Amino acid sequence: MIVAGTGHRPQFCPCGFNENHPWLLDLKSSLVVELVAKEVTTVISGAAIGYDTWLAECALELNIDLHLYVPFEEQGATWPQKSRDKLNLLKNKAKEVKVINSYYSKNCFFKRDEEMIKNCEEVFSLLDPYKTSGGTYYTVKYAKKLGRPITNFWK
Numbered sequence: 001m002i003v004a005g006t007g008h009r010p011q012f013c014p015c016g017f018n019e020n021h022p023w024l025l026d027l028k029s030s031l032v033v034e035l036v037a038k039e040v041t042t043v044i045s046g047a048a049i050g051y052d053t054w055l056a057e058c059a060l061e062l063n064i065d066l067h068l069y070v071p072f073e074e075q076g077a078t079w080p081q082k083s084r085d086k087l088n089l090l091k092n093k094a095k096e097v098k099v100i101n102s103y104y105s106k107n108c109f110f111k112r113d114e115e116m117i118k119n120c121e122e123v124f125s126l127l128d129p130y131k132t133s134g135g136t137y138y139t140v141k142y143a144k145k146l147g148r149p150i151t152n153f154w155k
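Numbering of the sequence shown is given in this note's numbering, commencing with residue 1 and proceeding in unit increments.
These are computed hints drawn from the structure, not numbers from a lab.
Be careful, since some hints might not be right.
Unchecked claim - Result set (DSS-like, lysine-lysine): computed pairs, CA atoms no more than 25 Å apart in a straight line:
#1 38 / 95
#2 98 / 82
#3 131 / 98
#4 95 / 111
#5 106 / 141
#6 111 / 93
#7 86 / 28
#8 106 / 91
#9 141 / 111
#10 82 / 95
#11 145 / 118
#12 145 / 38
#13 111 / 98
#14 144 / 106
#15 141 / 98
#16 111 / 91
#17 145 / 131
#18 118 / 38
#19 28 / 95
#20 28 / 82
Unchecked claim - Listed next, with one range per pair, are the computed distances between beta-carbon atoms:
#21 2 / 152: 15 to 21 Å
#22 89 / 37: 25 to 31 Å
#23 105 / 85: 23 to 29 Å
#24 63 / 130: 33 to 39 Å
#25 98 / 146: 27 to 33 Å
#26 82 / 134: 19 to 25 Å
No experiment lies behind these values; they were computed from the predicted model shown.
Yeah, the Cβ is synthetic: ideal placement off N, Cα and C, and Gly gets one too.
Sequences are here, hints too, so could you generate the full structure?
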């Protein structure tokens, strides 16, 4: 089973940037349970700060193949050092790193998201049900259009 993840960045989640927040610890626990229950063999992550990283970390914890779909080559170059370090660690441990665009463009994130959805069998999302715009909303909408099953982990 191949799962792609799409979700919010930390500032849009109850945990913010607190790695030890109970909400985030509960989310990661739920992800691990579901990855095992659905016998996931591959996780596709969009390599962004927040949910993409959290899902990727859970996959690696379970020795599930990780495929990173990076929207453009310099993704993360302006991030805080801790976030850049996490991205580099994920890149080093990933089975595949697929760079979608060699340079930043206004639609490189949408191209990445579409590639992720086209190449998965199910979507694990973290979509606040009150959000009706943005990248995660768009990606879930696209997944529905393609008929992909979606499990939303927002609590």
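Hint check:
At roughly 20 Å between alpha-carbon atoms, residue 38 and residue 95 fall within 25 Å of each other, so this suggested pair holds. Among the hinted pairs, residue 98 with residue 82 is consistent with the structure: their alpha-carbon atoms are about 22 Å apart, no more than 25 Å. With a C-alpha separation of about 28 Å, the suggested pair residue 131 and residue 98 falls outside the 25 Å cut-off, and the hint is violated. With a C-alpha separation of about 21 Å, the suggested pairing of residue 95 with residue 111 holds against the 25 Å cut-off.
A C-alpha spacing of about 19 Å is found between residue 106 and residue 141, which places the hinted pair at or below 25 Å, so the restraint holds. A threshold of 25 Å between alpha carbons decides the hint, and for residue 111 with residue 93 the separation of about 23 Å falls inside it, so the pair holds. Among the hinted pairs, residue 86 with residue 28 is consistent with the structure: their alpha-carbon atoms are about 16 Å apart, no more than 25 Å. Under the criterion of a C-alpha separation no larger than 25 Å, the hint pairing residue 106 with residue 91 is consistent with the structure, at around 23 Å.
In summary, the hint linking residue 141 to residue 111 is supported, as the alpha carbons are separated by about 14 Å, within the 25 Å threshold. With a C-alpha separation of about 22 Å, the suggested pair residue 82 and residue 95 falls inside the 25 Å cut-off, and the hint holds. For the hint pairing residue 145 with residue 118, the CA-to-CA distance comes to about 11 Å; that is within 25 Å, so the pair holds. With a CA separation close to 22 Å, the supplied pair residue 145 and residue 38 stays within the 25 Å bound.
The straight-line distance between the Cα atoms of residue 111 and residue 98 is roughly 12 Å, inside the 25 Å bound, and the hint therefore holds. As the CA atoms of residue 144 and residue 106 are separated by approximately 23 Å, the hinted pair is consistent with the 25 Å bound. This hinted pair checks out: residue 141 and residue 98 have alpha carbons roughly 23 Å apart, not beyond 25 Å. Between residue 111 and residue 91 the CA atoms are separated by roughly 19 Å; this keeps the pair inside 25 Å, and the hint holds.
About 18 Å separates the Cα atoms of residue 145 and residue 131, which keeps this hinted pair within 25 Å; it holds. With a CA separation close to 19 Å, the supplied pair residue 118 and residue 38 stays within the 25 Å bound. At roughly 21 Å between alpha-carbon atoms, residue 28 and residue 95 fall within 25 Å of each other, so this suggested pair holds. Distance check on the hinted pair: residue 28 and residue 82 sit about 19 Å apart at the alpha-carbon level, within 25 Å; holds.
For the pair residue 2 and residue 152, the beta carbons lie near 18 Å from each other, so the given range of 15 to 21 Å is met. Roughly 26 Å separates the CB atoms of residue 89 and residue 37, a value that falls within the hinted 25 to 31 Å. Checked against the hint of 23 to 29 Å, the pair residue 105 and residue 85 passes, with Cβ atoms roughly 26 Å apart. Take residue 63 and residue 130: their Cβ atoms lie about 35 Å apart, and the range 33 to 39 Å holds.
Checked against the given bound of 27 to 33 Å, the beta carbons of residue 98 and residue 146, roughly 19 Å apart, lie outside it. For the hinted restraint 19 to 25 Å between residue 82 and residue 134, the CB-CB distance of approximately 24 Å keeps it satisfied.
Hint compliance for this structure: hints 3, 25 are not met, and every other hint is.
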